[in-house]
Amino acid sequence: MDNSLTPLVLKRLLVPTLLHLGFRKTLTMADEVVLLDFWPSPFGMRVRIALAEKGIKYEYKEEDLRNKSPLLLKMNPVHKQIPVLIHNGKPVNESLIAVQYIDEVWKDKSPILPSDPYQRALARFWADYIDKKIYVSGKKVWQTKGEEQEEAKKEFIGHLKMLEGELGDKAFFGGECFGFVDVALVPFYSWFYAYETCGSFSIEAECPKLMAWVKRCMQRDSVAKSLPDQHKVYDFVLQLKKKFGIE
Amino acid sequence: MAHEEVKLFGMWSSPFVRIVEVALKIKGVQYEYIEEDLQNKSSQLLKYNPIHKKVPVLLHNGKPIAESLVIVEYIDETWKDNPILPQDSFERAQARFWAKFIVVKWLLSLWKACRCVENEREKAMEEASENLKILENELKDKGFLGGETIGLVEIAAKIIAYWVGVIQEVAGVEIMSRQKFPVLFKWIDELFSCNVVNESLPPKDKLAARFRSLLGSR
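Chains as they are written, first to last, in the numbering used here: chain A, 1 to 247; chain B, 1001 to 1218.
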């Protein structure tokens, strides 16, 4: 090609074309990720942790659960609950389903579920146990008093001890690496101060190994940045107690 | 392939056990079925599911797995022919959501509505009806639940619909009716009439008798 023409070709044709292609490539490759959430929700925290583990950029949208946004009602018409993960406009509901989805889509970095099917089954079993037992029994601790609260405390501590037993001497529930069950459980740590203060007991005294595990998890950026301050959660619980007339 | 030992601890009237059985049959897995008497649980069941002490429990080469939906995912990942869950991640998330809804909300809310005492009954029936409306609306909107290929959601729905039909008949309530939920009924009717599912369903009269005694004992 004639030397004098080359710069012109570059300026007028090649560069814009390349820029255009590059721009288009960026557009189609960029993922749009939105998380509808509520700051004290342990379920929302699970998704925050998973997104942080994978280094995914996303838009966090705080929901007022007394005044749910049209977006939330549209994206989760079935349960109208947070968290809702919206990926390129498509909603994924239920925290553990969203965490598995994140793990499968962004599979090249920081795996959350193990690769062996039996280990995966164990992870899912224990995450399901946490779902069924921890939130409900923890709620009963701060919502009740007297005899009822003593029962609730016993039940709650019983479940934590079960999990502590499953953890054993491992660093994390899955072994050496932080994983699915850790993601499922650690958010509840942000509620521990509230449970302890409302129930007058110490989780550290009851489950020291579990607290050691909590500390290991909190050393991870993804966890530390996704959990709110325990005292802030306690203030929130006090507000709820006032609202529901629980003293 | 090395000899595989697969055992399923179950109970004939449990729809959750049936869901697991269908999954095994679709995959062509040879297994030994062990019927449990839930009033007198075997030491094996208590050993393999010490946490919940429930069926179904799958034992694969000595390793136990509990919780029906966890077991089905394990089966799908271990025996790769005839996938039960969609391959696409988004569709798989939808399938997991609807399978859980069908198993946890649809069946249990209807069972609760049939079982509870008079003054709680209306609220329970309303809740059951709400859950059915959700299924009906999703089917009206999309024509299917979960993914577009037949799998776990369809298996669970067919089995749960059968159970719900029997429970309603025995309890003498009609929360789930063809008139109120035409799209849901049509979908269930059209679900693949696979022999594998039909063979797993216990006879209606036997199941009805079981529920009569369960409901009657309240």
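To be clear, the hints were calculated from the coordinates, so they are not data collected in a lab.
Treat each hint with caution, since some may be false.
Listed next, the stretches of chain B that the computed footprint assigns to chain A, with coverage defined by at least 3 CB atoms under 8 angstroms from CB atoms of chain A [stated by the list, open to error]:
id : stretch
1  : 1057 to 1066
2  : 1070 to 1084
3  : 1095 to 1102
Restricting the straight-line Cα-Cα distance to at most 20 angstroms, the calculated cross-link-like pairs of lysine to any residue (SDA-like) are [unchecked claim]:
id : chain 1 : residue 1 : chain 2 : residue 2
4  : B       : 1105      : A       : 90
5  : B       : 1047      : A       : 90
6  : A       : 90        : B       : 1143
7  : A       : 74        : B       : 1130
8  : A       : 133       : B       : 1103
9  : B       : 1133      : A       : 162
10 : B       : 1105      : A       : 117
11 : B       : 1063      : A       : 117
12 : B       : 1140      : A       : 78
Quick reminder that beta carbons are idealized off the backbone N, C-alpha and C, glycines included.
Comparing the hints with the structure gives:
1. Look at the stretch 1057 to 1066 of chain B against chain A: 4 of its residues bring a Cβ nearer than 8 angstroms to a Cβ of that chain, three or more, so the hint holds.
2. With a cut-off of 8 angstroms between beta carbons, the stretch 1070 to 1084 of chain B has 6 residues touching chain A; three or more are needed, and the interface restraint holds.
3. For the stretch 1095 to 1102 of chain B, the assignment as covered by chain A holds, since 4 residues bring a beta-carbon within under 8 angstroms of that chain's beta-carbons and 3 suffice.
4. Between the alpha carbons of residue 1105(B) and residue 90(A) the distance comes to roughly 23 angstroms, so the proposed pair goes past 20 angstroms and is violated.
5. Distance check on the hinted pair: residue 1047(B) and residue 90(A) sit about 43 angstroms apart at the alpha-carbon level, beyond 20 angstroms; violated.
6. Taking the CA atoms of residue 90(A) and residue 1143(B), the gap is near 17 angstroms; set against the 20 angstroms cutoff, the hint holds.
7. Between residue 74(A) and residue 1130(B), the direct Cα distance comes to roughly 17 angstroms. Compliance with the 20 angstroms bound is thereby established for this hinted pair.
8. Between residue 133(A) and residue 1103(B), the direct Cα distance comes to roughly 18 angstroms. Compliance with the 20 angstroms bound is thereby established for this hinted pair.
9. As the CA atoms of residue 1133(B) and residue 162(A) are separated by approximately 38 angstroms, the hinted pair breaks the 20 angstroms bound.
10. Restraint check for residue 1105(B) and residue 117(A): not satisfied, since their Cα atoms lie roughly 27 angstroms apart, outside the 20 angstroms limit.
11. Between the alpha carbons of residue 1063(B) and residue 117(A) the distance comes to roughly 12 angstroms, so the proposed pair stays at or under 20 angstroms and holds.
12. Only pairs whose Cα atoms come within 20 angstroms are accepted, and residue 1140(B) paired with residue 78(A) is accepted, the gap being roughly 14 angstroms.
This entry does not satisfy hints 4, 5, 9 and 10, going by the numbered hints stated previously.
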